[in-house]
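There are 4 protein chains.
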Amino acid sequence: MTMRFFSDNTGTAAPEMLAALSKANHGLVPAYGSDAWTQRLDDCLSTYFAAPVRAFAVATGTAANALSLATLTPSYGVIFAHEEAHIANDEAGAPGFFTGGAQLSLLQAPDGKVTKEVLAAALDAHPASVHTTQPSVLALSQATELGTAYRPDELGALCKLAHDRGLKVQVDGARFANAVAFLDCHPGDVTWRAGVDVLSFGATKNGALTAEAVVFFDPDLVRDFELRRKQAGHLLSKSRYVAAQLLAYVESGLWLRNAQRTNTLAQQIGRAAGDLLMHPVEANEVFLALGQERKRALRQAGFEFYDWGSASTGQTRFVVSWDQPEEDAPALIAALEELL
Amino acid sequence: MTMRFFSDNTGTAAPEMLAALSKANHGLVPAYGSDAWTQRLDDCLSTYFAAPVRAFAVATGTAANALSLATLTPSYGVIFAHEEAHIANDEAGAPGFFTGGAQLSLLQAPDGKVTKEVLAAALDAHPASVHTTQPSVLALSQATELGTAYRPDELGALCKLAHDRGLKVQVDGARFANAVAFLDCHPGDVTWRAGVDVLSFGATKNGALTAEAVVFFDPDLVRDFELRRKQAGHLLSKSRYVAAQLLAYVESGLWLRNAQRTNTLAQQIGRAAGDLLMHPVEANEVFLALGQERKRALRQAGFEFYDWGSASTGQTRFVVSWDQPEEDAPALIAALEELL
Amino acid sequence: MTMRFFSDNTGTAAPEMLAALSKANHGLVPAYGSDAWTQRLDDCLSTYFAAPVRAFAVATGTAANALSLATLTPSYGVIFAHEEAHIANDEAGAPGFFTGGAQLSLLQAPDGKVTKEVLAAALDAHPASVHTTQPSVLALSQATELGTAYRPDELGALCKLAHDRGLKVQVDGARFANAVAFLDCHPGDVTWRAGVDVLSFGATKNGALTAEAVVFFDPDLVRDFELRRKQAGHLLSKSRYVAAQLLAYVESGLWLRNAQRTNTLAQQIGRAAGDLLMHPVEANEVFLALGQERKRALRQAGFEFYDWGSASTGQTRFVVSWDQPEEDAPALIAALEELL
Amino acid sequence: MTMRFFSDNTGTAAPEMLAALSKANHGLVPAYGSDAWTQRLDDCLSTYFAAPVRAFAVATGTAANALSLATLTPSYGVIFAHEEAHIANDEAGAPGFFTGGAQLSLLQAPDGKVTKEVLAAALDAHPASVHTTQPSVLALSQATELGTAYRPDELGALCKLAHDRGLKVQVDGARFANAVAFLDCHPGDVTWRAGVDVLSFGATKNGALTAEAVVFFDPDLVRDFELRRKQAGHLLSKSRYVAAQLLAYVESGLWLRNAQRTNTLAQQIGRAAGDLLMHPVEANEVFLALGQERKRALRQAGFEFYDWGSASTGQTRFVVSWDQPEEDAPALIAALEELL
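Protein chains in written order, with our numbering: chain A, 1 to 340; chain B, 1001 to 1340; chain C, 2001 to 2340; chain D, 3001 to 3340.
Nothing false has been slipped in among the hints.
Cβ-Cβ distance ranges computed for the label pairs, FRET-style: (1) A:109 / B:1311: 51 to 59 Å; (2) A:109 / B:1039: 35 to 43 Å; (3) B:1120 / A:22: 49 to 57 Å; (4) C:2304 / D:3125: 56 to 64 Å; (5) A:299 / C:2128: 53 to 61 Å; (6) A:130 / B:1151: 55 to 63 Å; (7) B:1108 / A:109: 53 to 61 Å; (8) B:1224 / C:2034: 38 to 46 Å; (9) B:1160 / C:2034: 53 to 61 Å; (10) B:1120 / C:2121: 26 to 34 Å; (11) B:1039 / A:306: 16 to 24 Å; (12) C:2313 / A:129: 45 to 53 Å; (13) B:1026 / A:129: 56 to 64 Å.
If you are wondering where the hints come from, they were derived from the structure by calculation, not from laboratory data.
The beta carbon of each residue, even a glycine, is placed where N, CA and C say it ideally should be.
Please build the complete structure, drawing on both the sequences and the hints.
Below, the structure written as structure tokens:
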């Protein structure tokens, strides 16, 4: 028997999602976003964030991130991001391609979280002249790649510093729901109230088939985005099917229910791991310094998970999916307790 | 009452498609194309084309076309295409963006079909030196943007000429099924047997939710494509849901059933239009030179359709969707007969 | 004996240019444009144009054009230009590369000159939506590729139309001096007074070693340009040597003297050509419909010149260089008179 | 009185260079590299390197580097370079722009020199999948940005490792002559014999007006380069003037004479600096940890030099120009001795 903790991308779509597709599947409607579902996205997400926003559906998180970044930086710009960021490691150079060449400047800080001090130091050290790349964007992840979450005041301080230095702030929210569920805050508290300019609002990992929204808190950036999205092949012709997923995801409360469940399971696993735990568990990911022997033991016991970084480090990542079978987490917990 | 002939993108998804999604919606499976559905795409489409192919799922036709073109031309290349081509008029400059700057050279020829003579003349007239763009790709559409279809021998002659002159051949098959249905040929006859290098195999317009496949008949081009697809945000994490649509589309015979129905209805409309018909009806599109008065009359009667080109020309396009209500085509035919 | 009428790029540098280099060749001075010569460029060209301008030295006309265009259009933009334009035919796709994918829309009109009517028709015919490329720039050449010159009022009308439709106007002035010399007008009359936004001010063809200036009449566009120039490797470290050429070119009156000489010789040749003349001679180029027999005769007599377009048309181009030997033009005139 | 140690870009052109320009300044010759000077470049540099090479003139080092890199990496590639590399810090993002988005992966190692161990570790740590950027190029500088030089065997080991891992090797040789002069080796020993694929062979800093050559030791890469160079506006129309500089630079022995002089003066300064010296002096650059007080003292005494990195570190760079006045180095040495 295998218990799969590879990634939340391995999950199915929630029943609410398929129901939304079926419900949307009636009648001829205008294409390319002029349908009633897509037209309701702005309202739906403005209510969700308690602020007027513009929201655009796309099919992948890479598209959401890279298209956002392209509206925020010229080709001679620099994007500051944590060295563990998805845009740096897992998107095959998408930021460079979409921006026409912008470079990433990678920051080191504990637990996947950029700190104000680290950002300030990087900006101070970045020479500024016609010969250098121009600081343009601070790109954060919420929750982070290491399963941690920025508190509203941490985010506010980072955004203030970024804006003071002329940067825009983009947030990769592939696991945004997990962060909000953990922080037990309002979605607005970790976006526009903190100063975020653009958010990739993910739904795929948390129960959708394939649906992400790019949410702009600054409407001036929107026209350029719309044209870039089309040019990059990310404007869907039958847009209703992605919009319907996003609407149902938000309006049914699925976003929070699923995130709460996976967070809870992850925290239980984290607690069972004792000193093996590498980072606080503030989302649905658990990072464990298992070492080679324990890795082998768990894999032989049927647990599937990724090495984190090189296999030789013995470090690993476990991700809880929204539809993780009920018995998987207790089994992993029991196995960990036995190993300790 | 409105009868909608705007576009086949206005249609719903076929029941077979939603059934395929439901059926795929079980269990945790590897992400990013390592699932069983995606892994079966090559086999499924190799059988379909009766040749070994490599097939890659993407969500939009623009992505399929532009990613293909990017594997076939350097940034200093030229893509030859008919002046009515989708890549020239309806993709917001996607070919230029994906290729890093390649230019389109647009060809004029009747009924949306590039001819051997026109292509040869364009190639002869294109200066060749280090100062000029380099002829790289012949990009065709099958069926064409004007609802016509290349015969296998026409396509073969074009491919031969292109290859002789050092060009690769890419085909936009957003309505590939309609062309094959009209020609009553084998899918291989208008692809690899004729010399086509890469095909955008469309399913969305003909009954899928959102599913296209890029089909390579030359495996050497594949690695570059895979990396470009990921970099462009077009590798879907939950790939099974697009792959499942494509498999069902082909294996259930939906591709042909739907295309036959829409072709038949379009031909009936075309016959009713008499001298107003602008191009042969060889797919699911009917182009009519209605003039202002007839346009007004049809719109008042509840028919929705696009002006083709500037409104002042009086030219129009009607597209039959796979789920066009049964009564729409007869109603349009009756209305046309009354107008004539 | 050969008499070379291939191109003005075959010419030498004028003595004034080498003298300027020698004069600048003293002492250690700041690099990358902070030297006294480069710092004086704005003033020099502001005086020349009788308006406050910002001027930037680059080494080639292709760089001047493509960098200018990149500041004026997004990657999803369209640049309208005459089908004979240098940017369309002789720069290996530079506009596409520098802009990240912008497309050229090529206009047909007599004698290489875009007309208001042709531009208006092209803009009217260009569909405008999120699916299409966005009209961004009108790119003209002064003098044109066919050796003709826009009158101030023609240029003014084109600029007004372009601006009314939201386009910027860029002018390729590789032979700007020839146009001004022919029109006998003030340089401002065919630039800012007519509404031109950016000019590639060429000196290389007219006597410099390698020196062009990009002249902005709208200072808001300048910062982006400076960064793009550096990023494209077109900011010269020892900038003084290009700036010194440009200063001497303008301040010594060389620009006008050389242009007047080559214009005069070209006009004499044009007059001798009678009905063979294809376009009015308004710069230093003469286009002749010689036919195969006369081509052969002239080449056997030692005249070197390019076929214009395909050799089979019998059409040819003769360009007078600023340092064309005194005897070449009379010899060509005599040869032509003999042939007629 | 000021003594300028800012940069070797502040220097003049050597008399040999102006003489070469004058000598080339006769007669109408074919443009764009078909002239006799440019045609002789391959032979001249093949002799210089004692191997068949293809050599291409460009006007700037940034162009030489970025165009080379663009021939060696796709847009989804990674270029490994030392964190002090010119391409990383001083070219405004040129590598990203020219390659269409490739990213830099910056390596830390003492004295500006990439080590085999550091490169191996970086390659081992770089995840390799369709989700990641693809290791493509090792970009080195010889001499390095910190004025040190790779020994032939060091370079050979780095090239071997790079090739074994599928990377090409590009070398920024803006100060190549200084490295060869210091190593007292044959130019081939630190290029093709060590395994270098492409070299930016700089002449500007060492006495030319503006002239660099891109030297290919692998002829297969050449056609793509030629087209990219033209497309990027780096093919000079009056090519003879850059080629003539390069020919004279090599054939007159100027390259070695100038490098030997500046190296010698730099070494004398370095020796006088005692413990303030930060890196071995193996070219014409001296890095000194002066601290704020000594900086102030030297500047008040008329010495001009750059802070290296942030001014607060007290670290500084002194560069000796080929035409540095005879009295400058002794004056600096005396001033340093007084300060110690």
